[in-house]
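Peer 1: Each chain, written out:
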Amino acid sequence: DGGITQSPKYLFRKEGQNVTLSCEQNLNHDAMYWYRQDPGQGLRLIYYSQIVNDFQKGDIAEGYSVSREKKESFPLTVTSAQKNPTAFYLCASENTGELFFGEGSRLTVL
Amino acid sequence: AQSVTQPDIHITVSEGASLELRCNYSYGATPYLFWYVQSPGQGLQLLLKYFSGDTLVQGIKGFEAEFKRSQSSFNLRKPSVHWSDAAEYFCAVGLKEYGNKLVFGAGTILRVKS
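Respectively, the protein sequence lines represent chains A and B.
No gaps in the numbering here: position 65 of the first sequence is 79 in the numbering used here, and each next residue is one more.
No gaps in the numbering here: position 77 of the second sequence is 90 in the numbering used here, and each next residue is one more.
Pulled out of the complex, with its shape left as it was, chain A reads as follows:
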């Protein structure tokens, strides 16, 4: 089935560690996005990529990094510089303005 696959679904890390969240899509969409979701704040854009080998910062990019080496893959690294990384992270691809979301990854920093 076509869709967006995020892994892992749950992740725990210690303070000071980097962690990478995986996002893979088989929808053949050019654009991909990473959002962060916190209770009562909706979704906030971290990074987005409209084509392979290119990406732009969103509204809350500090402490995060991404790469887009393949059309199908858009991994997000949460670095130790991110001050409050505990959150629910959503990856999406986009086609003609509509977003298609993965199931999300919940990151907890211990």
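Since the hints were made in silico from the structure, they are not lab data.
Glycine included, every Cβ here is placed at the ideal spot set by N, Cα and C.
Among the hints, erroneous ones may be present.
To be verified - Distance windows between CB atoms, simulated:
| id | chain 1 | residue 1 | chain 2 | residue 2 | range |
| --- | --- | --- | --- | --- | --- |
| 1 | B | SER65 | A | ILE65 | 22 to 32 Å |
| 2 | A | GLY17 | B | GLN15 | 23 to 33 Å |
| 3 | A | THR100 | B | ASP67 | 37 to 47 Å |
Add chain B to chain A, keeping to what the hints say.
Peer 2: Just chain B now, kept in the frame of chain A:
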């Protein structure tokens, strides 16, 4: 700055009652408009979208929304709510001029009482 407002953080309705969730936006041009639904711990599912044309849009699961340009609103409605509709609902707005990036409202949590 672009913004999307969902004034109601929580709404509780009885099963079988009608529902209206409000969404207002602040953009100069006519944007793309979306409603998404999210069950706990899950991703977002598209309910309906408006790009142009008829301002009353039909979506999945019996939902509809009406775009009112004069009020900068895109309210979501359902004539009879089912217990399975309990979830969080997000309004989202995008502009082609901004590369189709969507801005999301803070969400409205719908509770359904039997």
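Peer 1: Decide, hint by hint, whether the structure agrees.
Peer 2: Here is what the structure says about each hint:
1. In this structure, B/SER65 and A/ILE65 meet the distance hint of 22 to 32 Å, their C-beta atoms being roughly 26 Å apart.
2. With their beta carbons about 29 Å apart, A/GLY17 and B/GLN15 fall inside the hinted range of 23 to 33 Å.
3. A hinted range of 37 to 47 Å for the beta carbons of A/THR100 and B/ASP67 is consistent with their spacing of about 43 Å.
Going down the numbered hints, you'll see the structure goes against none, and every one checks out.
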